[in-house]
Structures are given as structure tokens and as C-alpha cells.
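Colleague: Listed below are the residues making up each chain.
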Amino acid sequence: MIDNIPYDRPVPGHRRAERRLAARVRTVAEAYALLAPSLAGFLLFLVAPIFGVAALSLFDWNLMGAPSFVGLDNYRELAADPEVWRAVLNTIYYVVLNIPAQTVLALLLALALNRRMRGGKALRVVFVLPWMAMPVALGIIWSWVFDPRYGVVNQVLGMVGIDGPNWLTDPAWAMPVIASVNVWQYTGYTMLILLAGLQAIPHTLYEAAAIDGTTPVQRFFTITLPLLRPSLFFVLVTNTIGSFQIFDTVFVMTQGGPGGATDVLNFHIYQQGFQLFRSGYASALAMVLFALILLVTAAQFLYFRKRTVYDFS
Amino acid sequence: MKRVALYLALLAGAVVSVAPYLMTLNSAFKEPAQVLTTPAWEPAFPLTFDNFAQVWSEYDMAGFLLHSLVYAGAVTAGQVVFSTMAAYAFGRMSFPGRDALFWGYLATMMVPQIVTLVPLFLIMREFGLIDTYLGLILPTAFGTPYGIFLVRQYFRTIPRDLESAARIDGAGTLTVLVRVLLPLSRPILATLATITFITTWNTLLWPLIVTNGDATRVVTLGISALKGQYSSQYHLILAAAALALLPLIVIFLLFQRHIVRSIALTGLK
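So the sequence lines, in the order shown, correspond to chains A and B.
Numbering of the first sequence is given in the working numbering, commencing with residue 1 and proceeding in unit increments.
Numbering of the second sequence is given in the working numbering, commencing with residue 1 and proceeding in unit increments.
Mixed in with the good hints, there may be bad ones.
In silico SDA-like pairs for lysine to any residue, Cα to Cα no more than 25 Å straight-line [stated by the list, open to error]:
(1) Lys2(B) - Gln218(A)
(2) Lys121(A) - Gln256(B)
(3) Lys121(A) - Gly91(B)
(4) Lys2(B) - Ala122(A)
(5) Lys121(A) - Leu292(A)
(6) Lys2(B) - Val15(B)
(7) Lys121(A) - Ala193(B)
(8) Lys121(A) - Leu39(A)
(9) Lys2(B) - Ala101(A)
(10) Lys2(B) - Phe221(A)
(11) Lys2(B) - Ile223(A)
(12) Lys2(B) - Leu111(A)
(13) Lys2(B) - Phe220(A)
(14) Lys2(B) - Arg116(A)
(15) Lys2(B) - Ala209(A)
(16) Lys121(A) - Gly170(B)
(17) Lys2(B) - Arg118(A)
(18) Lys121(A) - Ala264(B)
(19) Lys121(A) - Val18(B)
(20) Lys2(B) - Leu225(A)
(21) Lys2(B) - Pro258(A)
(22) Lys2(B) - Thr214(A)
(23) Lys2(B) - Ile211(A)
(24) Lys121(A) - Ile168(B)
(25) Lys121(A) - His203(A)
(26) Lys2(B) - Phe234(A)
(27) Lys121(A) - Leu47(B)
(28) Lys121(A) - Thr175(B)
(29) Lys121(A) - Tyr133(B)
(30) Lys121(A) - Leu6(B)
(31) Lys2(B) - Ala112(A)
(32) Lys2(B) - Leu105(A)
Since the hints were derived computationally from the structure, they do not count as laboratory data.
Computed from a prediction, not measured in an experiment: that's the story for all the values here.
Chain A on its own, in the form it takes in the complex (with noise of 0.2 Å):
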């Protein structure tokens, strides 16, 4: 690639060099215009905000006049404030109800779905179809679906003999209900993703072990599950990140409520920094944030490297 230079006729040895030098001049500075417009939003709308984040939660402002300079006192006040301790709680608690829910419901149907049938195709679609949802749409269908009167829910366990819970305004039922459009939403996605792990196993493994007489629950644990690892880790990093990052279902269908039942982090910083314009408390209860995700994936990069995939190729 950095030899564009033409063959035609031959060149002295010092022109030659000169030559490799212009072309290769050429192409790095090709290289820059072509990465100029994305490097410039990447450093002005990503990095530069990163930075100013972390700078922002040393301050106190809020939005108009100067901001002063408050050191690590927004720091202070959060780790002494009990609603951001809720409201960290209520995060794992949103994020524990969503994985492991999610992660093995998409498994089981990978498995069922991991073989020659009529329809796969098609299913495979079908499992798709919520993923693209708009989730301010689904809040609003899912505070319907669970509505205590006219809600499917509760007129199905009204069939049954059941009176069902008020869902959305029962501190005890209002993650759940909130969690489940998440499972919902991305278990077909996840799902997708761990059978195209699943397809890439060689068959010649099941068929080996099958000879030495082992069982498929056997097989599962000693081939499936191994091979599957780093499928199953991209998942489990990628959509735990996601989901430590609820808002959409939480502003639509209960604003935090009921009494900070569903007060996740997300919402509280958006409180705090664009209703309250609290932007340095904002700003410290992000980095929060940020740092709960990184300490979680990097726990999971831990937990997975300790457990090495055996290499087959």
C-alpha cells in the first residue's frame, strides 16, 4: 500500500529513497484527512467531555455565574447522602434481576435453536423483532400491559383466581415489572449472538466425545460450555454495561417512584445535573458511575481470563 509508486523505469538509489519518503509522507497524511473528521468529533465530543467530567466534579455550579472551586466536597456529600446509596443499590439491583435472567433464557433458546429445523430461520427473526424497539414506546406499553385494572397481567391472573399486585406503584414489584422489559427487549439479541458462538464449534468434538460414551449433559459442560466462553463473555461485558445505564423505562414509567423504589443512577444524576442543575454534584455522581462499570467489567475480565478457553484450532 505504501508502494504507490511507479514501476516504470529504474531510479538511482538516493531518488528511490527519496521517492519511498514522499509517498510515504503521502500516506500519512492521507491517513489523517481521511480520520480528520471523526477524530475531531471523537476529541470534542468524547474525550474533551471525559475530562471535563472529571474536572466539573471538583466545582459547584449550577449553570449560571462562575463556578467555584469545591475540591473533593461533592464527593463528600454523596457518600453521605442515603438516596445515592439507594440509588447505587437499586442499579446492581436492576442489573442483577436483567443478566443472569437475560443470559439464560438466550442460552437455552441458542441450544434449541443450534440445529437443522424448519422455521429456524424465520424464529430467528422473530426473536430479533425486540430488539429495535424504542424503549420509551415499550415503557408505555409495558405500564398498560401491567396496569392493575385494565392491564393483560393482572386480567390473566384474574383467570386463574389470582388479584394481582398494583406492579408499578408496589415498591416490591416495580424493578421487577422495569426489569423484564430489558429481558425482554435483548434476549433474542443475546440469544443471536450465543448461537453464532455455538455454530462455530467443530461437530468432530460432540461426535468424539458421543464415541468415548459420554452424556449430553457432559457433553455440555466439558465442550459447549468452554468453547462458548468467549461468546458468552462479550455478552455478559457488553450488556451488563448497557444495563447499569437504565433510564428510558425508569423516566417513562415510574420517574423513580414509587418512594425511590426505582431511583437508579442514571435517573438521580439527571435529576441532580438538568432538573436541580446541580452540574458538579452531577458530574461527581457520574464518575460514580463510571467507575461502579469499570470495576464490574473489570471483575468479569478477571473472572474469565483466570478461566483460559482451551485452544482446538
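Got chain A sorted already, so can you dock chain B onto it with the hints?
Modeller: Showing chain B alone in chain A's frame:
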């Protein structure tokens, strides 16, 4: 027997996947009283378009959809063009700082979006872009690390010989990109465009922060405000939700093949 159980389980999953869409659409065609008195799975009869007509005339539904179309359309156009350019530089050219920069891009995928929002808001306010399309569009229009990664991976699967042949014929970098690589990359570009459009169409948080007027109100803001106002008038808010979802369903059905394949690919490095 085992096979029947398997099919039944998969069928149940499929029903759960489409039921919320179908029930919403069904109920949006019912008369207001029927929405409350009949179960959601009971077919709408008689069919009425009144709910759609009402949200269309009493609220600026057409405006919401149009604003979202401009927002998502502009971001998609920008992302496809700029991600492709960057992906070519990252995937096919060598230059100092390439790998460090690429890892820098990838690392930011771990940064939660909310982290950037306060500073982004301040930047937009500084440039007087609050409540404008530019303010909405700019932060994501120059390509995202995800988009660049997606296209770069695809470019790397295209044989280099094709490119060298064009180079020997005297083609420059831009010609090679436009004439050789792009025609071969239609599937991935369609995928990137579809995913970007859907993601942007569905975005709530950034529009919530950077706009507050009617002139740029996008559909996510429009229907969530509607829900706040008419929380139990389900015939209206379901009709509005159906209208907001409709473009997504059309796009999805048009591009489902690309979408399904690209999701499957994201897990395999």
C-alpha cells in the same frame, strides 16, 4: 416427543416476542371504552381510526415524527460517511499512532453516556446550539467507535489484491475506497445505517437535555410527554406508541437479513 416439547417452547418464545406489538396495534384500533373493557387479545371490532386521528390532530405527532426523521437521518448519513473514512484509515493504511488511537476509540465504548452529557450540554450552550438540530445531531454525527469498528472489521476481510491491482493502474486512495471497497461493502454499510437509524430514532436522553421547544421535539420526547399527560387514556397513548414504532418495524423488515447477520457477527471477533 422431545422434539414436540422443543417446538412448543420455541413457539411460546416467539409468541412472547411479538405479543406486545400485536396487542398494542390491536388496541390502538379499538374504541376508547373497548380498550378498557375488552381483553387486549380480543380483536378490535369495529375497527376505528379515531385514536390515530386524534393524536394526529390534537398533538403534533406529524411534527414529532418529522423531527425524529431529520435527527436520525442526519446522524445516519454522517455516521456512514465518516465511519467509513475512518475505518479505511484504521483498517487499510499504516500511519504512526494508528494502533494507540484505535485502542483509544475502543476503550471509550466502556464510558457510560451520561458521563459526557453535562460537558456536552455546556459545549452546545457555549455555541448557542440549545434547541437546534445541530445541537441534537453533532455529538454522534462524526461516527462512533462502534460503527468504525464494525466497518473496519469488514474491510479487513476484503482481499488486498483487489486494491493493489487498482493502485498499479494508478488509482489514488480515494478512488480505491470509493470504486473498489465501497461496492463490495454494501451489506455492512446497510447494516450500519440501519442500526444507527434505529438507535438514534429511539434516543431519549440527549434530546431531553439539549432541546425543550416544540420546533425540534422528537418522537421519544413527544410520546413520553403524552404519557405523562394522559396516563390512563390508553387508546391515545397506545396509538401514539404504535405510530412511533411503525417506522422501526418497516426498516427492520426491510433489512432484517443484514441485521440478523451483523448481530451474530459482533460476538465473533
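Colleague: State for each hint whether it applies.
Modeller: Hints and how they fare:
no. : hint                  : verdict
1   : Lys2(B) - Gln218(A)   : holds (19 Å)
2   : Lys121(A) - Gln256(B) : holds (11 Å)
3   : Lys121(A) - Gly91(B)  : violated (32 Å)
4   : Lys2(B) - Ala122(A)   : holds (21 Å)
5   : Lys121(A) - Leu292(A) : violated (38 Å)
6   : Lys2(B) - Val15(B)    : holds (20 Å)
7   : Lys121(A) - Ala193(B) : holds (23 Å)
8   : Lys121(A) - Leu39(A)  : violated (39 Å)
9   : Lys2(B) - Ala101(A)   : holds (24 Å)
10  : Lys2(B) - Phe221(A)   : holds (21 Å)
11  : Lys2(B) - Ile223(A)   : holds (22 Å)
12  : Lys2(B) - Leu111(A)   : holds (14 Å)
13  : Lys2(B) - Phe220(A)   : holds (18 Å)
14  : Lys2(B) - Arg116(A)   : holds (15 Å)
15  : Lys2(B) - Ala209(A)   : holds (22 Å)
16  : Lys121(A) - Gly170(B) : violated (45 Å)
17  : Lys2(B) - Arg118(A)   : holds (16 Å)
18  : Lys121(A) - Ala264(B) : holds (13 Å)
19  : Lys121(A) - Val18(B)  : holds (16 Å)
20  : Lys2(B) - Leu225(A)   : holds (22 Å)
21  : Lys2(B) - Pro258(A)   : violated (45 Å)
22  : Lys2(B) - Thr214(A)   : holds (20 Å)
23  : Lys2(B) - Ile211(A)   : holds (22 Å)
24  : Lys121(A) - Ile168(B) : violated (43 Å)
25  : Lys121(A) - His203(A) : holds (20 Å)
26  : Lys2(B) - Phe234(A)   : violated (31 Å)
27  : Lys121(A) - Leu47(B)  : violated (33 Å)
28  : Lys121(A) - Thr175(B) : violated (38 Å)
29  : Lys121(A) - Tyr133(B) : violated (40 Å)
30  : Lys121(A) - Leu6(B)   : holds (16 Å)
31  : Lys2(B) - Ala112(A)   : holds (11 Å)
32  : Lys2(B) - Leu105(A)   : holds (19 Å)
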